[in-house]
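Participant: Here is how the chains run, residue by residue.
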Amino acid sequence: MHAYTEKIREAAQRLLADKKVDGVIGFRQGTIPMMSEPVFIRHADQVHQLTWNGFCGVNLANYLVKRKDRVAVVAKGCDSRNIVLQLQENQIRRDQLYILGAPCHGMVDRRKVWAFLKGRDPLQATEDGDSLRVSGRDFEEVVDRQAFLQDNCRICTHRNPVIYDELLGDPVPEQAGVDRYEDVRRVEAMGSEERWRYFEDLIASCIRCYACRNACPMCYCPTCFVDESRPQWVGKTLDPTDTRTFHLLRAIHMAGRCTDCGACERACPMGIAVRQFTKKLEKDIKELYGYEAGVVPEGRPPLDTYRPDDPQDFIK
Amino acid sequence: MLTIFVPKDKLPGLIGRIMDGARVFAPVRDGDGYRFRLLDRPDKADFTYQNTRLSPKELIHPPAETMFSYSLKKGDPKEGILEEVPKALGKRVVWGIRPCDAKAFQLVDINFITDQVVDPWWQKRRQATVLVGLGCAEPCNTCFCTSVGTGPFDRSALDVLMTELAEGYLLEAVTDAGEALLAGAPEGAPASGSTLSEARSVAEKAEKSLPRLFVPEPLKEKPMTELFQAAFWEEVQFACINCGTCTFLCPTCWCFDIQDEVHHQEGVRLRLWDSCMFPLFTLHGSGHNPRSQKLQRVRQRFMHKFKYYVDKYGNGPACVGCGRCVQYCPVNIDIRRVAGMMTASCVCPT
Numbered sequence: 017m018h019a020y021t022e023k024i025r026e027a028a029q030r031l032l033a034d035k036k037v038d039g040v041i042g043f044r045q046g047t048i049p050m051m052s053e054p055v056f057i058r059h060a061d062q063v064h065q066l067t068w069n070g071f072c073g074v075n076l077a078n079y080l081v082k083r084k085d086r087v088a089v090v091a092k093g094c095d096s097r098n099i100v101l102q103l104q105e106n107q108i109r110r111d112q113l114y115i116l117g118a119p120c121h122g123m124v125d126r127r128k129v130w131a132f133l134k135g136r137d138p139l140q141a142t143e144d145g146d147s148l149r150v151s152g153r154d155f156e157e158v159v160d161r162q163a164f165l166q167d168n169c170r171i172c173t174h175r176n177p178v179i180y181d182e183l184l185g186d187p188v189p190e191q192a193g194v195d196r197y198e199d200v201r202r203v204e205a206m207g208s209e210e211r212w213r214y215f216e217d218l219i220a221s222c223i224r225c226y227a228c229r230n231a232c233p234m235c236y237c238p239t240c241f242v243d244e245s246r247p248q249w250v251g252k253t254l255d256p257t258d259t260r261t262f263h264l265l266r267a268i269h270m271a272g273r274c275t276d277c278g279a280c281e282r283a284c285p286m287g288i289a290v291r292q293f294t295k296k297l298e299k300d301i302k303e304l305y306g307y308e309a310g311v312v313p314e315g316r317p318p319l320d321t322y323r324p325d326d327p328q329d330f331i332k
Numbered sequence: 003m004l005t006i007f008v009p010k011d012k013l014p015g016l017i018g019r020i021m022d023g024a025r026v027f028a029p030v031r032d033g034d035g036y037r038f039r040l041l042d043r044p045d046k047a048d049f050t051y052q053n054t055r056l057s058p059k060e061l062i063h064p065p066a067e068t069m070f071s072y073s074l075k076k077g078d079p080k081e082g083i084l085e086e087v088p089k090a091l092g093k094r095v096v097w098g099i100r101p102c103d104a105k106a107f108q109l110v111d112i113n114f115i116t117d118q119v120v121d122p123w124w125q126k127r128r129q130a131t132v133l134v135g136l137g138c139a140e141p142c143n144t145c146f147c148t149s150v151g152t153g154p155f156d157r158s159a160l161d162v163l164m165t166e167l168a169e170g171y172l173l174e175a176v177t178d179a180g181e182a183l184l185a186g187a188p189e190g191a192p193a194s195g196s197t198l199s200e201a202r203s204v205a206e207k208a209e210k211s212l213p214r215l216f217v218p219e220p221l222k223e224k225p226m227t228e229l230f231q232a233a234f235w236e237e238v239q240f241a242c243i244n245c246g247t248c249t250f251l252c253p254t255c256w257c258f259d260i261q262d263e264v265h266h267q268e269g270v271r272l273r274l275w276d277s278c279m280f281p282l283f284t285l286h287g288s289g290h291n292p293r294s295q296k297l298q299r300v301r302q303r304f305m306h307k308f309k310y311y312v313d314k315y316g317n318g319p320a321c322v323g324c325g326r327c328v329q330y331c332p333v334n335i336d337i338r339r340v341a342g343m344m345t346a347s348c349v350c351p352t
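One line per chain: the protein sequences are R and G, in this order. Each residue of the first sequence is one higher than the one before, starting from 17 at the first, in the numbering used here. Each residue of the second sequence is one higher than the one before, starting from 3 at the first, in the numbering used here.
Since the hints were derived computationally from the structure, they do not count as laboratory data. We put the beta carbon where it would ideally sit given N, CA and C, even for glycine. Be a bit skeptical, because a hint or two may be false.
What the hints assert, rightly or not - Here are some of the chain G residues that sit facing chain R, going by a computed Cβ distance under 7 Å:
| no. | residue |
| --- | --- |
| 1 | Asp34 |
| 2 | Lys80 |
| 3 | Ile243 |
| 4 | Gly246 |
| 5 | Phe250 |
| 6 | Gln267 |
| 7 | Val270 |
| 8 | Leu282 |
| 9 | Thr284 |
| 10 | Asp336 |
| 11 | Gly342 |
| 12 | Met343 |
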């Protein structure tokens, strides 16, 4: 059992008993390999359900928006950055939250494991330190966990929660020497036609299920632009124009707000690399404003403040 | 009925010959998964797949289809008249469909072809389609077909059942259409007794590998309001993010939206997949939404499959246990677990 599991249960027990919170948002054991399910625990007799492992990739900040109650929430580095953004955007108040910070070693990408297994069906997956053990009907593989992390985890530089009330373990060393934007530079280097083709191919298999949007803790508009029906802004067909409009507008709404938590990409049933849209925006915000979304709780984000020395040369 | 054995290297020849007279759809490699596609070459079909990511319902019920076109031009003789847009409704064969996915077509037939109303395109496509099933020798860990009244070698919705054997395929005609497809095939030979028994043992092994996780039958007798008001929906709904993954991947989810798109003075009327997970699905013109809460939407999906459909049609449940929603739900909501709670006879998956 992961060391955090006991700590999460202990904290949940204590916080519920002391009536500090109305509930605890964490994970419980999933029903299939390499998945854990978000769960809301209200009573002390349910805290044994809470668990922690490398399959807790869902961003739990997604369950905080516009809550009325007081909750404890388990937060990885990325989840905590999204909480900071939600506080800045007044989606929840700090006094409603008790943050159980989880220094994170990265989350397993089950798609990478599926690809490695080449059609063999995993029945069980367990972790042991740096290794991941996956077994099925007539096979067992032990692999280096690091090689099967979500793409965003492999380049993450904020594994430790940036905001918390207590930590579930010692801070983990942040990854050094990470090149976060190698893929973005590759796209930037393309000619405009090639780049257009690249993004068209990327979203060709989109089925417009909106899992990417709904998995995102920052997508909380009361009515999303794609759901506006009077008047309707975006067509609902699978015509490239409609699909493209959805993806471009979704991405642009993330400018200066995306933490690259990977929730969108993780949720996509079609395996579309949707982070390719938001990463460029994230890179621009960093290069133009020296800003990383959700890292600093104080102050306002660059795109909702005006400064005379703001860069302007990109406005054409 | 006609039963033949086709060696592995002869199967593309058989499919190729059938491609001369019909459009043939089959599972093909598509990115990191599989999808049913129109074959342009018989050897593109890949029968090593376990399950396609999207169900083949898109072949009968396209995700976005133009039904009619019209003109808004003043004085145009066609002004305001809906004209049917031609569709490809000619003969086709779906080669290698899983028995569960074929069963799903039967379940949806009951909804789209009724005494009162017939969906003309669903019906025409169904009538024009011959289903060659591929028995499921190694069901996935998310499969639960035997819990919902079908099975890995269920032939009841197929025209031909194909079983993969060590050296080739056993093809068994189930209907007259299936028999016509196989009749006189030079690629095949009459199946020997040992071939038949090999096929039988493949099927038995697969069936045995699938435990019955829950028994849906008692749901028929259970009062609807009791299920509707059950306390467990609160727990079930928490993790749901209300995306359309489960419904869009599901072979039995049939709901659609109708939209008009007008460009200048030309318009089209479209039919588009819709999802009960979306708030817009039930938004009334008045602004009222009878399912404005997530809990209501989540409950709807499960109640429709396991209770409303069953009560309305005396058939079902409207689930074939393909496991796609289990595999691809981004937050691990597991229909097997929910069905277990509904039937209160849960043997939770391990």
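Participant: Would the hint on glutamine 267 of chain G stand, with a C-beta cut-off of 7 Å toward chain R?
Facilitator: violated, 18 Å
Participant: Should the hint that glycine 342 of chain G touches chain R count as held when the rule is a Cβ pair under 7 Å?
Facilitator: Violated. Min distance 10 Å.
Participant: So, as I understand it, the hint says leucine 282 of chain G touches chain R; can you test that by seeing if any CB pair is closer than 7 Å?
Facilitator: Holds: closest Cβ of chain R sits about 5 Å from leucine 282 of chain G, inside 7 Å.
Participant: Are glycine 246 of chain G and chain R close enough, Cβ to Cβ, to be under 7 Å, as the hint says?
Facilitator: Cβ of glycine 246 of chain G sits 4 Å from chain R, so the hint holds.
Participant: Hey, does the lysine 80 of chain G contact hint survive, CB to chain R under 7 Å?
Facilitator: violated, 23 Å
Participant: Given a cut of 7 Å on the nearest C-beta pair, is the interface hint for phenylalanine 250 of chain G held or broken against chain R?
Facilitator: holds, 5 Å
Participant: Please verify that hint: aspartate 34 of chain G, Cβ, nearest Cβ of chain R, below 7 Å or not.
Facilitator: holds, 5 Å
Participant: How about isoleucine 243 of chain G: closest beta carbon in chain R under 7 Å, or not?
Facilitator: holds, 4 Å
Participant: Given aspartate 336 of chain G as an interface hint, is its Cβ closer than 7 Å to any Cβ of chain R?
Facilitator: holds, 4 Å
Participant: So, as I understand it, the hint says methionine 343 of chain G touches chain R; can you test that by seeing if any CB pair is closer than 7 Å?
Facilitator: violated, 12 Å
Participant: Using Cβ atoms only, decide whether threonine 284 of chain G comes closer than 7 Å to chain R, and label the hint accordingly.
Facilitator: Hint on threonine 284 of chain G: violated, closest Cβ of chain R at ~12 Å, above 7 Å.
Participant: Given valine 270 of chain G was flagged as interface, is its beta-carbon under 7 Å from a beta-carbon of chain R?
Facilitator: At 10 Å from the nearest chain R Cβ, valine 270 of chain G fails the 7 Å test, so the hint is violated.
Violation of the numbered hints given earlier is confined to hints 2, 6, 7, 9, 11, 12; the remaining hints are satisfied by the structure.
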